[in-house]
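Take the sequences, apply the hints, and build the full model.
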Amino acid sequence: MQKVVAGVVVAVTDRLLTVLLLGTSSAAMAAVLPDDRGDLMYHGYEGGGVEVSGPSILVRKSIGDSFSVSGNYYVDSISSASIDVITTASPYTEEREEMSLGVDYLRNKTMMSLAFTNSEESDYLARSAAFSISHDLFGDLTTVSLGYAVGDDEVGNNTDPTFSETAQRQNFRLGVSQILTKNAVLGINWETIADEGFLNNPYRTVRYQSGDTYLTEPEVYPNTRTSNALAMRLRYYLPYRAAVGGEYRFFQDTWGIVAHNIELDYTHPLGKDWIFDLKYRFYTQGAADFYSDLFAYEGETNYRARDKELSTFNSHSLGIGVSYELPKVDWGLIEQGSLSFSYDYIQFNYDDFRDLTSSAPVGEEPPYSFSANVIKAYLSIWY
Amino acid sequence: MGKIIVVTFVSLLLQACGVEPWVKPYERAHLSDRIMQFDRDPVVSAYEHHVYQAREAARGAEGGGGGGCGCN
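Order-wise, the sequence lines are chains A and B.
Quick note on this note's numbering: the first sequence kicks off at 1 and runs consecutively.
Quick note on this note's numbering: the second sequence kicks off at 1 and runs consecutively.
To be clear, the hints were calculated from the coordinates, so they are not data collected in a lab.
Don't take every hint at face value.
Unchecked claim - Calculated pairs, DSS-like style, for lysine-lysine (alpha carbon to alpha carbon, straight line, at most 27 Å): (1) Lys272(A) <-> Lys61(A); (2) Lys109(A) <-> Lys24(B); (3) Lys328(A) <-> Lys182(A); (4) Lys24(B) <-> Lys182(A); (5) Lys279(A) <-> Lys182(A).
If you want it as structure tokens, here you go:
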């Protein structure tokens, strides 16, 4: 009997040692810090009378084996003569400047990240801080992550210097990334966002019927909003060197909006220098409870909106991209570089947001629609 | 015979606790290919999320970090 116990103890000890050793060895190849790389991007958006363009520079560098720091500088130069602007205000130009700093800390299989973002416009200031922690489990087949972010906004009004409001935001995130097979990986993300404060645009108005015509009054939104989003992503490596991806996201919020989007993409490398991407995305949403294209009379409801982003609409996006790996030359510290370009075409179709540039009788104008062109051109280097 | 069963049983039990990865580290060549990344170019995905967030009511669960665009 003693022998049996001794045998079991030895087996148990051996097994524990094996488990411990395996654990240690796999920890060494577990979570890794992001690549050291720099990206210089020019982005351009044009559609519905709005043009937005500017640079985005993202630089990331590791410090030792445990830390990686990153910095992003991003600019939106906006020139707007959108349907809202031409029907209720005057075209304007505006610039938004955003700066982010982040640090990632890796310890065994756990990664902790901290990031700060500051965004400034002449009439809007937004600051946010985000923390996340992720951990590899089950032989590194599963990565679980938790995140929290807090944001503080100051809302101004360029036509009224006395106007000053604030808004606060909290984000709660949960993510799981799961290796399914040697060719498939699944990602599931949940995010709850809670806003409180002044949440509408101080310039936007709603319209209400007045005889044969319409008049306008300011929008009024609730001062709280909580939204939930659940997304699933899948990537699959094909029998030849190419990958397909799929995504579905469900969204709902306390304003009565329900939205869905699906995306399919295909990535096809050609030789060792070229990568081609093709993607399609479909998005659909229902209107907020307090949205109306045309209210019956002034002050009809306590809350009111005529923001087309809160109306019932859908959009289709089709995107193509190409990336070329630059020939390897002796660039000193630079190991690798690539040049990329992508183009997206987006078509927006609104159900209950009418085109007020039409001369049709009030409430019978055709529904609004527009298309947008989005380009991204960027140089990436790894060092 | 009894000893073997006990040792095998305890061994299997411990093996279950260790969770054997069904995709071994040396079988992850395809998964580690760049084309399999959810977020191949972070500078691009951050911009794309911003483009959609500015024009849609839906937000969140895009994957990746950050604190939202804080734009109106």
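Structure-based check of all given hints:
1. Lys272(A) <-> Lys61(A): Satisfied, since the Cα-Cα distance of roughly 26 Å is no more than 27 Å.
2. Lys109(A) <-> Lys24(B): With Cα atoms ~17 Å apart, Lys109(A) and Lys24(B) stay inside 27 Å; holds.
3. Lys328(A) <-> Lys182(A): At roughly 30 Å apart (the allowed maximum being 27 Å), Lys182(A) and Lys328(A) break the hint.
4. Lys24(B) <-> Lys182(A): Roughly 8 Å between the alpha carbons, so the hint for Lys24(B) and Lys182(A) holds.
5. Lys279(A) <-> Lys182(A): Distance of about 23 Å is within 27 Å: holds.
Violated hint: 3 only; the structure is consistent with all others.
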